[in-house]
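Protein chains in written order, with the numbering used here: chain A, 836 to 1121; chain B, 49 to 303.
Keep in mind that the hints were calculated from the coordinates and are not lab data. Note that the structure is a prediction, hence the values are computed from the model and not measured. Note that the Cβ used here is the ideal one computed from N, Cα and C, for glycine as well. Careful, some of the hints might be misleading.
Selected chain A positions facing chain B (Cβ under 10 Å, derived; list incomplete) [to be verified]:
no. : residue
1   : THR940
2   : ASN978
3   : ALA995
Computed footprint of chain B on chain A, listed as stretches where at least three residues anywhere in the stretch have a Cβ under 8 Å from a Cβ of chain B [claimed, not checked]:
no. : region
4   : 920-934
5   : 1039-1052
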Amino acid sequence: MEYLVSTLTFTGITLIGVLGVYMVTGLTGLFSFGQAAFLAIGAYISAVLYKSLGLPLPLAAFVAMLVGLAAGLLVGLPTVRLRRDYISLVTFGFGEAIIAVLNNTANVTGGAMGLSGVPQRTSFSLVLASVIACVAVVISYKNSKYGRQCLALRNDELAAKSMGINVERLKLVTFLIAGVMTSFAGVLYVFYTTYVEPGAFGWVISAEWMIIVFVGGVNSLTGAVVATVLLTGLPEFLRFASEWRIAIYCIIVLLILNFRPSGIFGEHEISLDFLRRLFRKGARTA
Amino acid sequence: MSSLEAKGLSKAFGGVKAIDNFSFEVGGHDIVGIIGPNGAGKTTVFNLLTGIYSLDTGQVFLDGKELTGLPQHAITRAGIGRTFQNIRLFRGLSVLENVMTAADPYSDYNLLDVCFFTSRKRRREHAVRDLSRHYLKIVGLEGYEKERPESLPYGLQRKLELARALATNPKVLLLDEPAAGLNPSEVRAFIDLVRAIHDQFQFSIIIIEHRLEVVMELSSKIFVLNFGKLLASGTPAEIVCNKAVTEAYLGQEET
């Protein structure tokens, strides 16, 4: 039981990170290979503030998110003008740079040894509530002018500009929200595991989140949520296969991307409207 | 009173002078045509006016306000709307959402409204939705709101481009070959549609078109471009009789 709850808690924290990637990559079409760095920022800043400076947890979390915002501005401001492929390079560099900083400031962060002795303050219910809140915000964002404009610019940037959309600002705004959200996930993470090390935030994690978004369907929030549950849960359930589980994981991802190139859900969402139509269709055939 | 004024527009790509010292004016409520042989630089003029290309020299004024050098989105918001020759609709969005994105920049709610699901967001979204439906109705796309733009027949995609341009709330509307690929009866209907829209809204229209019948019938004034230079300008009747224009289109008569 305890094992199930911890798996679910990690899945929830991952989901918040994936939501950030969904906004940046799925909605806006920018490849951020440094998204996990925001997780590191959230985790380290809040843990250090709490442990070394004795700040109350909510304040530490808030400051951590602010630092995430500032880091997002630092990377985002110069990069939003770049072409998409260069954005992925810059974010990749940013992510690795953050890890290098963490490794080389051993007196504060513990360096490669990691930071331990953080009290466990995150509970499953807190993570669940956070996930619900974040999903709600992303749904609202997607169904607002921001979400529509993100999809428009992902599709045709030149036409989007000609419709009066401030493309650069919109990219920045989306990138910042995703950054703050992921920083928040970092806070949840460190106060759950009680221990962090720089290696846990490399580009591999960012890439994994991106794989999740693509498997779920680039344009589908429902897909992102379902794929997170499947793909973070999957390695755990495949534990019996020991060393084969990564291989099995890769094969499943390959199969999905090969036979459903637009992801499990493509651009469909499970919304009330969708369920209603499905129900009606079912009633008609029955 | 002239609404759009372009002074001495020039643009070179490498050694080729795509547009060479082209000036023109459009009044507050006119329809003006730009014609010319292939490669004369017609679309380049639109791309210069809307800020897609930067001007080498020249200035653009809208109602006396200078637009030269502004970023694309600012030029659109200042009042220059356009359609594209090669249809550029947003594929991930529905027909209605395509129009909404063009009206969205004028929708004044912010991120806090999004995060806290305020009633202001809901009201503004409603308003934009209703307005966009209205534009779809004007161009005759009622009932297609939920369709995907790429699933519409070609002629309707052209109409959707038009509806989307209307939603940017233009003072001057630039139509880039809006009748390309339409059959003769569709062209007829399109001419009537453009005229109806022009009567209904207080904006000027600039049309680039290969089909001379469209330009001749709609425009009160025509500018003829050839190799990036202004060859002639005048009323449709004057252009038809202009010798330089017929030569540019048909070649010189042998003597």
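Fill in: Hint numbers not upheld by this structure, sorted from lowest to highest
1, 4 and 5
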